[in-house]
Amino acid sequence: MEMKERVERFRDDFHRVVEEIGKVIVGQRDIIEGVLSCLFANGHVLLEGLPGLGKTLTVSTMSDALELQFRRIQFTPDLMPADIIGTNIVVESESGRKGFQFQKGSIFANVILADEVNRATPKTQSALLEAMQEHTVSVAGVTHVLDEPFFVLATQNPIEMEGTFPLPEAQLDRFLFKLKVGYPAQNELAAILDRTTANETPKADKILDAERVREMRWLIREVTVASHVKDYAVKLVFATRPETELAPEIVKQYVRYGSSPRGAQALILGAKVRTLLDGRYNIAFEDINQVAHHALRHRMILNFEGEAEGIDADEIVDVVLEEVKASHAAKSDRR
Amino acid sequence: MLFSASEGYILHYGNVIRRGKYWIEKMAESEKDITNITAGLARRMNIHTVSRLISVSMLWGAGVAMMLVVIGKFTAVPLVFGVTVILCASLIVGIIRGILARVSALEGAMTTDAQLNLKERLSSAVELLSEKDRKEMAELQLEDAADYAHSLDQKAVCPRLLPMTARILPVVLTGLIILMYVPSPYGQAQVPAEVRQAIKQAGVEMETAAGKIDKNALSDKAAELASKMENMGRELQDKPLTKKEALKNLSKLAHETEALKMMSEIAEKLSGDITPEKERALNELLKKLADNLKDIPEMAEFSQEITKSRQSNSLKQLADALERMGIKPSDMDALQKMLEQLAKKRRDVGQSMVRSPKDAGGNETSNLKADEESGLMGSGAPGKKTAKEMKEEIKSASHRPVSSDQGYDSELEGQVSETGRSVPDGENPVPKAGEASVPYKDIYVEYRDAADDAVNRTAIPWIYKERVKSYFDAVKPREF
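If you read the sequences in order, they're chains E and G. Following this note's numbering, the numbering of the first sequence begins with 1 at its first residue and continues without gaps. Following this note's numbering, the numbering of the second sequence begins with 336 at its first residue and continues without gaps.
Simulated from the structure, these hints should not be mistaken for lab results. Positions of the beta carbon are idealized from the N, C-alpha and C atoms, including for glycine. Check before you lean on any hint, since a few could be wrong.
[Stated by the list, open to error] Distance condition first, Cα-Cα at most 20 Å in a straight line; then the derived EDC-like pairs of lysine to aspartate or glutamate:
#1 K467/G <-> E222/E
#2 K454/G <-> E94/E
#3 K235/E <-> D314/E
#4 K454/G <-> D278/E
#5 K4/E <-> D278/E
#6 K804/G <-> E781/G
[Claimed, not checked] These stretches of chain E come out as covered by chain G in the derived footprint (C-beta under 8 Å, 3 or more residues):
#7 226-233
#8 276-286
Make the full structure from the sequences, and use the hints.
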């Protein structure tokens, strides 16, 4: 198949999945596209929103649309790492011989829904670290490779912080995007009522299988990036770091630690998905701008002053974008 | 990356790779399109950028030049030279800035992307051109960019080749030229051609005359004055001096020469026996010399010596002092010739004002007008002659035939005989109608002394003193 056809097929398949999820989920188009972008960019996604906004439903519907093995893990304070990754258990063979056998945990699936991830203890949350980064789990000195595609969707609630354990920075950094789920619009809420208060509830059909998802992941990485576009992404990431010259005043005042290199990777990968969806073959600054909030908001650690004043990371990203855009435009104007 | 299709060069991040025409022909259509169009865009932007920077620089230069021209209206400044230097310097600065600010094809493509919202299609494609092993996706990108490049209008990106600054530059430069030739209300900006010619001519003659003097035969001081005269001759030729400055310089040198001549004369008189008559004449001469030296700071040393000698009242001491100063009676002839030359040149330069038709209603008469208004010229003169009357006299004197080197022949009725010499009028007989009753030489001396007293008593500018002196030089009788 020619590359052009592959790109067109990517776009079609992506939109088909979005449409299929849209049969169940009303609105939330940005969230659905963001989640799918993470899936095809080979990243993981963290969904944050108030209870009842359809986070879990979105994820389960997406798993319905994809012919992938889906597992849901409800994170609770008493959840143990072994419950997630698995453990060695003593098994007696037919001959009466006893030995250890690895019992796979819930993580051995293609799509994992880590529901209310911040309710588990940091010890349990950390069980996901290796799996999310390396796509492997190590138990008793043995490394087990997870099936591809491997995709973690975690949800968390920004309120009801009592009895929760905020995700550690290392864990947060492993999520490609952090998506904020908002309230549905008035007309959307009416549609939600129509769909959820009748006897028949819509269900998504299977659209893509694991093989197709792997192909789409490969295609995304084929998109080339021009050096000046790469520079732009790098400048954005540098501007989130208070110790750099590029950092605007708000970053210097309220941010303790800026984005890691994973932030730049997230910007470029997210932008590549947007590029293909827009029918282009090259990344534009606009693509990077569109994913900047999703990719950077959870990678900036606010200092005490920022926390005390209730500064939202999105405000900081807005300022960073404006400053970097302005410096870029000034350079262009000089020409 | 910068591409020149005609020469077959690819410039990428400072690396120059030479490519033959064959290579260019082998390029895919899409690559050719992108290459040619982005190079064309960059060229267009470069013309715009370079012309903008040059014109901005020249506008600054024109502004500075205008300030210089305005200053030139009040003081003597070599305007044409100054303005030319400023404009050339600003042009060079503009060219250097323009060269440094040249945009590459990549930068041109980036600007185009930004202006036409091409979403970095062109700039990404330009960068891909330099890659050797391109992936399939990259080829697709090139094709996509080529489609856009085809449809884009270069004029939409860079609408005008010449920026606004370059278009207003000729207007500003024209204004500058007009301003340069606007006559100054103070009469000091431009030296009229006739006056300049007269000054130049005086300079040539002075240089020649001074060059002919045998400096080895003169004392050090006299030789120094002769060299000074030669240099001044060159200065009058080369420097764009105003008439006022030229007259001032000439008068200053004439003063010095006259003082030295007087000292030589005193030295000569001291060499022989001193009779009471001679002593009286010497005292008179010394008094005059002392007055003269006051105005010459360069001869302060001589002035002190003369004052000391006069205070001690010893002619012997005076003779010793003059000897110590190296004053030689033998310098007198040469100094006299120099004085005559300087007087003639002062007269020539001074008359250029009256002769010049431009001056009649223009700048130069403004000095006299100013004199009239201030009353300076007539303030100290006996008989309360006004400046207007004096100007009329100068004018009429300028129409008289000029004698060899002693000023003008006096043609006033009653004072000059047919032989050209003054006739003593005896008992001042009653004159006929239209004739003067007092001998001209008497009235001349009386008026001149009164004028001298007046100018010495009153704090008036040097140039006006000179003018009064020039006037009396011009109208002095032959015997003087």
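We went through each hint and held it up to the structure:
A distance of roughly 16 Å separates the Cα atoms of K467/G and E222/E; the hinted pair therefore holds under the 20 Å criterion. Of the pairs offered as hints, the one joining K454/G and E94/E is violated, with about 67 Å between alpha carbons and a cut-off of 20 Å exceeded. Proposed proximity of K235/E and D314/E is supported: the alpha carbons are some 17 Å apart, at most 20 Å. About 10 Å separates the Cα atoms of K454/G and D278/E, which keeps this hinted pair within 20 Å; it holds.
Between K4/E and D278/E the alpha-carbon distance is near 13 Å, which keeps this suggested pair within the 20 Å criterion. Distance hint between K804/G and E781/G is fulfilled; the C-alpha atoms sit about 14 Å from each other, no more than 20 Å. Counting residues of the segment 226-233 of chain E whose CB lies closer than 8 Å to any CB of chain G gives 4, so the stated coverage by that chain holds, three being the minimum. For a cut-off of 8 Å, the count of residues in the segment 276-286 of chain E with a CB near a CB of chain G stands at 8, and the three-residue condition holds.
Of the numbered hints given earlier, the model fails hint 2 alone.
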